[in-house]
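Chemist: Sequence:
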Amino acid sequence: MSSDMDVAEMTAWELYDLAEENDLAKAEFLSRIEEQTKEWSTHVYTAEHTKSQSDEGRLITSLCEDVYALVGVQLTSFRERPNKKSDAIAEAVSVIFKNLYEKQIESRNSFLKDFETCCAASNDFIRMNDNCKEILDDLLMEEPKVSESSTETLKEQAGALLGLYSSDAVFAAKKIHLYVFEPIKEAIAEELFGKEWLNELTNNDLALTLVRTIEDFKGDLELYLDTRMVGKALEALVTATVLFYARTLLAKSSAHTSETKPLWEDNDRALERMQGDIQVMRGFFAELAGAYPSLPQVVENEFGVLDTVYELLSIANGSSESTDRDFVILLQKKIKNIPITKYVVGDLFHMVNPAKEEAIYNLIDSMEDELVAVAPTDEQAFDVVLARQTVPGLRLDQELAKHCDESRGKRARPGLSRTATEEGEIMLNRWKKTWNKVKTQLEE
Numbered sequence: 001m002s003s004d005m006d007v008a009e010m011t012a013w014e015l016y017d018l019a020e021e022n023d024l025a026k027a028e029f030l031s032r033i034e035e036q037t038k039e040w041s042t043h044v045y046t047a048e049h050t051k052s053q054s055d056e057g058r059l060i061t062s063l064c065e066d067v068y069a070l071v072g073v074q075l076t077s078f079r080e081r082p083n084k085k086s087d088a089i090a091e092a093v094s095v096i097f098k099n100l101y102e103k104q105i106e107s108r109n110s111f112l113k114d115f116e117t118c119c120a121a122s123n124d125f126i127r128m129n130d131n132c133k134e135i136l137d138d139l140l141m142e143e144p145k146v147s148e149s150s151t152e153t154l155k156e157q158a159g160a161l162l163g164l165y166s167s168d169a170v171f172a173a174k175k176i177h178l179y180v181f182e183p184i185k186e187a188i189a190e191e192l193f194g195k196e197w198l199n200e201l202t203n204n205d206l207a208l209t210l211v212r213t214i215e216d217f218k219g220d221l222e223l224y225l226d227t228r229m230v231g232k233a234l235e236a237l238v239t240a241t242v243l244f245y246a247r248t249l250l251a252k253s254s255a256h257t258s259e260t261k262p263l264w265e266d267n268d269r270a271l272e273r274m275q276g277d278i279q280v281m282r283g284f285f286a287e288l289a290g291a292y293p294s295l296p297q298v299v300e301n302e303f304g305v306l307d308t309v310y311e312l313l314s315i316a317n318g319s320s321e322s323t324d325r326d327f328v329i330l331l332q333k334k335i336k337n338i339p340i341t342k343y344v345v346g347d348l349f350h351m352v353n354p355a356k357e358e359a360i361y362n363l364i365d366s367m368e369d370e371l372v373a374v375a376p377t378d379e380q381a382f383d384v385v386l387a388r389q390t391v392p393g394l395r396l397d398q399e400l401a402k403h404c405d406e407s408r409g410k411r412a413r414p415g416l417s418r419t420a421t422e423e424g425e426i427m428l429n430r431w432k433k434t435w436n437k438v439k440t441q442l443e444e
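Under my numbering, read the sequence shown as residues 1 to 444, first letter to last.
Source of the hints: derived by calculation from the structure; they are not laboratory data.
Note that the structure is predicted; figures quoted are calculated from it, not measured.
Ideal placement from N, C-alpha and C gives every residue a C-beta, glycine not left out.
Where hints are given, some of them may not hold.
[Unchecked claim] Restraint-style ranges between C-beta atoms, simulated for each label pair:
hint: 1; residue 1: THR202; residue 2: ASP307; range: 21 to 27 Å
hint: 2; residue 1: ASP378; residue 2: GLU80; range: 54 to 60 Å
hint: 3; residue 1: GLY276; residue 2: ASP378; range: 28 to 34 Å
Could you put together the complete structure from these sequences and hints?
Modeler: Spelled out as structure tokens, the structure:
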């Protein structure tokens, strides 16, 4: 082979036969494999995939079979060559894995459209993980002559793809919470914390509606979703429950414009209702602990937010002997954003004792150094939200920032200093830029 033109005119299999003796032939062979993989993977990922259920009832599509059938064809072609080259096979599979990694990132969001497609996608990604691992294990066992460098490259590319499939399966399972809470929001969001909730629904009926709806979906999850992912979906539902309850509560504060009268005609009764709601919701998830061992810690961590919110309301109402300073710190440790903490605590005091709203802002201003010392604002939060691992609707700081953004201009915040207002505006504008970037990512 004397020139690039010689290489370009050779068939892929002629290049393959020379790959381990000639670097130019090897590079051209791998380039051809990359082009072929891009072509067929694009076709496979964008095709319409057959939907079905496994023998166990799991929702699946043909995505896994469609992708790995073609990978299998490539592997069979390599292995059936009379002059089999172990290093060439390993490096070609590394190229295939690398392209599948890129295609998975490019296409994965398109599969997550509703409850059932999230279940199916999560199952598909797990099965793709299993297929990838099987190919890797077979290659390492069947090709003992593969060089150390080619083996390392193969393991690296396979490891990246396996990790991606696993994280995408978890992401799809957790994203299910969005579709579970659609009917819950429609059914109870308007009534929750309203007059009927306060005076007539004495058995925590709305909280019971919430958990019964989740229980209905749980039955579907256990049928449709791979067993390994049901726990992940339930963990997301714990977080989503807490955030739904907190955001619905804070939205009522934003709509309450009086600077002298509390939101409720009877704060003690409202706090009693709230305590009952929290017990109902926490108890529902706690009962699942036997089947899902990861849940107790998640329940403790997430419902700690509502415990803190409840205690701050009780302090504002004068019905708790706890100190506001301690619970402001506890909330900041959860939120890790001082402007958001300040806005949220102000909203809580505004609901039950508007006359004390200015005083609580002044207190938090005086605690600035202490808050920075024990729980500084998480400056990395904006970048973290852009990462794939951040499932929409499950970050406390982001969801509370959305509440703060939506409440701007709805009511006055008496006593909030100009500096605090400016810091809040800067923070919210940063969040809005982040949300726009996330939206762009999802649309690409």
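Chemist: Go through the numbered hints given earlier and state which of them the structure violates, listing their numbers in rising order.
Modeler: Violated hints: none; all satisfied.
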